[in-house]
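2 protein chains.
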Amino acid sequence: MEKMKTTDLEQLRHEATSNVPLSGSGNSASNASGGNSPNGDFVPKSMSLSAQSKIESIREWSVNTFKTTKQFISERFGKGSRTVDLEMEASIESLRDTQKKYANILRLARAMASHFSNVVHTQRALGESFSELAQKSPELQEEFVYNCETQRTLVKNGEILLGALNFFISSVNTLCHKTMEDSLLTVRQYESARLEYDAYRVDFETVQSGPREAATQARLQDSQKKFADHKQKFERLRGDVQIKLKFLEENKVKVMHKQLLLFHNAISAYFSGNATALEATLKQFNIQLKRPNAEKPSWIES
Amino acid sequence: MEKMKTTDLEQLRHEATSNVPLSGSGNSASNASGGNSPNGDFVPKSMSLSAQSKIESIREWSVNTFKTTKQFISERFGKGSRTVDLEMEASIESLRDTQKKYANILRLARAMASHFSNVVHTQRALGESFSELAQKSPELQEEFVYNCETQRTLVKNGEILLGALNFFISSVNTLCHKTMEDSLLTVRQYESARLEYDAYRVDFETVQSGPREAATQARLQDSQKKFADHKQKFERLRGDVQIKLKFLEENKVKVMHKQLLLFHNAISAYFSGNATALEATLKQFNIQLKRPNAEKPSWIES
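Protein sequences, first through last, are from chains A and B. Here this note's numbering is used: the first residue of the first sequence is 2, the next is one more, and so on. Here this note's numbering is used: the first residue of the second sequence is 2, the next is one more, and so on.
The following block holds chain A by itself, in its conformation from the complex (with noise of 0.2 Å):
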């Protein structure tokens, strides 16, 4: 209920400040058309059919800002009538707090790669260093030679392990901030057609308890046919959102099911030490490790 703008408002509202040609400021259009009058006043022989159309969809889109606005401002005071669908509601309170969670891990998960990655770069310097101590240390070349080795298998453990989770990580943000964020968009705009609906049912509600009379015969019908619309397009995002939200619960659960899988077992072979774990892991999963000295997989590896 926060953001009130849909993409097709945005859109009216995109064209009335940059495309329509109002008095003053559409001259070089107009030109055509008009001319100059003897006295060098400018006088507008007609006004082209697109100019006119333009002006009555500011004119429709200012009315409907008006009444959804007022509609707006009603439900906040508490005072109009709000068409309200809790299942679906609770639905949506549900996705948004999903994301939140979701994108706290995910936020958890950066930093741990992060840091991970500060480990795995320390332990090949200090794997290094040890090598160069071994050779320059006889008394204690036993001692340097087995730390050396366990830094570098920690190093190229832990660079597997690091494919694993820059693997959770891309596939956790996919659908946390593109998944999960379209659905999002087709609730806001489910929000704020379900807005606009009652505004013009409550509009089409006054009109209707109003006196019936040959003059505002007119106006009734064309409130109804405007409530009619609203009402189809409310019902449709209405549909729309339903569909989405049932096959975002179904997708989230499978891949957050792979991920959170996948996580567990890369994590737990890497600190249990077992490497071939690890590695099988990864080609359950399908995780390619990008090869820092190359720019394919040889050929031979695969």
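Please keep in mind that the hints were generated in silico from the structure rather than gathered at the bench. The model shown is predicted, which means the values in this text are computed figures rather than measured ones. Please note: incorrect hints may appear among the correct ones.
Given that identical chains are not distinguished, each listed pair holds provided it fits within a single copy or across any two copies.
Below, a list of computed lysine to any residue pairs in the SDA-like style, where the Cα atoms sit at most 20 Å apart [unchecked claim]: (1) 137 - 94; (2) 259 - 132; (3) 157 - 273; (4) 255 - 95; (5) 102 - 132; (6) 227 - 211; (7) 245 - 94; (8) 259 - 139; (9) 157 - 116; (10) 137 - 79; (11) 247 - 93; (12) 157 - 266; (13) 68 - 214; (14) 259 - 283; (15) 102 - 149; (16) 157 - 274; (17) 255 - 143; (18) 157 - 269; (19) 247 - 188.
Given chain A, put chain B in place with the hints provided.
Below, chain B without anything else, positioned relative to chain A:
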């Protein structure tokens, strides 16, 4: 050879600039034995013995500084003769190199502890997030639960590993910046004494090779005495350095053997997920962990 000042020289210089009353700046000290003449001029009656001996020591220090600086410059330009103990110089060079390399290991171990601490911190936050999501996501409860448990186990063991890393850092720091530094201080004193010894040796040789007259006999004796004094000091410090280097070598091997074993065993145990071995390693090396939420370990736990 870069730093020429010994602590003895430093002390003499300090006394020269702060304690010795020079004429014109020692008024208040001299007022007791001196007085004002009728025309207002300050006339010192007599010089105190202490002031005399201090002036003598400044004179001696100046001569000493002049001789050693001359010797230092001669050596730098490859002209003067220089007493060389190849074996000891190699040992000193090796100690300086080892200190530099251990300081590098220390720097890397500190970086490792810092990055690893960040990893543990993120693991704790991830564990909490997974736990929260496990409660709110019935359809993914199992996946969130096992991830939460893995992160919590890693945090627990990570804190133990951090204890081992910090013990390693503290021990190597003591070896590198206290034990080795103490030996290097003696080395610097020895190097300074060697320069002085060579300066007085050259001085004595010059006087000795000069004409033997009654007038120069006193100078020869004085030069011989000073040469003998500096020779004694040089040989005493040479012995000190030999003993310190020997003990340092033994101490270094003992400390590093223990620390490198600890470092390896703790890291191997942690990264193979062997919590029992990790705790056994800490017990073996008598490492007490700081408990974050307790001032003292409870007597029940011990």
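Hint by hint, here is what the structure shows:
In the homo-oligomer, the alpha carbons of residue 137 and residue 94 lie at most 20 Å apart only across protomers (13 Å), although the nearest pairing inside one protomer, at 65 Å, exceeds that limit. In this assembly of identical chains, residue 259 and residue 132 lie within 20 Å of each other by CA distance solely across copies; the values are 18 Å between and 40 Å within a copy. For a Cα distance limit of 20 Å, the shortest separation of residue 157 from residue 273 qualifies both inside one copy, at 14 Å, and across copies, at 14 Å. Within a single copy, residue 255 and residue 95 get their C-alpha atoms as close as 18 Å, which meets the 20 Å cut-off; across copies the closest is 62 Å, which misses it.
Taking CA atoms no more than 20 Å apart as the test, residue 102 paired with residue 132 passes between copies only; the shortest distance there is 11 Å, against 44 Å inside one copy. When the C-alpha separation of residue 227 and residue 211 is checked against a cutoff of 20 Å, the pair qualifies only within one copy, where the shortest distance is 18 Å, while the shortest distance between copies is 125 Å. For the homomeric pair residue 245 and residue 94, the shortest alpha-carbon distance inside one copy (14 Å) is at most 20 Å, but the shortest distance between copies (73 Å) is not. Taking identical chains as interchangeable, the C-alpha atoms of residue 259 and residue 139 lie at most 20 Å apart only when they sit on different chains, with a minimum of 16 Å there against 50 Å within one chain.
Within a single copy, residue 157 and residue 116 get their C-alpha atoms as close as 16 Å, and across copies as close as 18 Å, so both meet the 20 Å cut-off. For the homomeric pair residue 137 and residue 79, neither the shortest alpha-carbon distance inside one copy (81 Å) nor that between copies (31 Å) is at most 20 Å. In this assembly of identical chains, residue 247 and residue 93 lie within 20 Å of each other by CA distance solely inside one copy; the values are 11 Å within and 76 Å between copies. Within a single copy, residue 157 and residue 266 get their C-alpha atoms as close as 17 Å, and across copies as close as 19 Å, so both meet the 20 Å cut-off.
In this assembly of identical chains, residue 68 and residue 214 lie within 20 Å of each other by CA distance neither inside one copy nor across copies; the values are 24 Å within and 125 Å between. Proximity of residue 259 and residue 283 under a CA criterion of 20 Å is satisfied intra-copy only: 12 Å inside one chain copy versus 38 Å between copies. Taking identical chains as interchangeable, the C-alpha atoms of residue 102 and residue 149 lie at most 20 Å apart only when they sit on different chains, with a minimum of 15 Å there against 41 Å within one chain. Taking the shortest Cα distances, residue 157 and residue 274 sit within 20 Å of each other both inside one copy (11 Å) and across copies (17 Å).
Taking CA atoms no more than 20 Å apart as the test, residue 255 paired with residue 143 passes between copies only; the shortest distance there is 13 Å, against 50 Å inside one copy. Within a single copy, residue 157 and residue 269 get their C-alpha atoms as close as 16 Å, and across copies as close as 15 Å, so both meet the 20 Å cut-off. In this homomeric assembly, residue 247 and residue 188 come within 20 Å of each other (Cα to Cα) only inside a single copy, at 13 Å, whereas the closest approach across copies is 79 Å.
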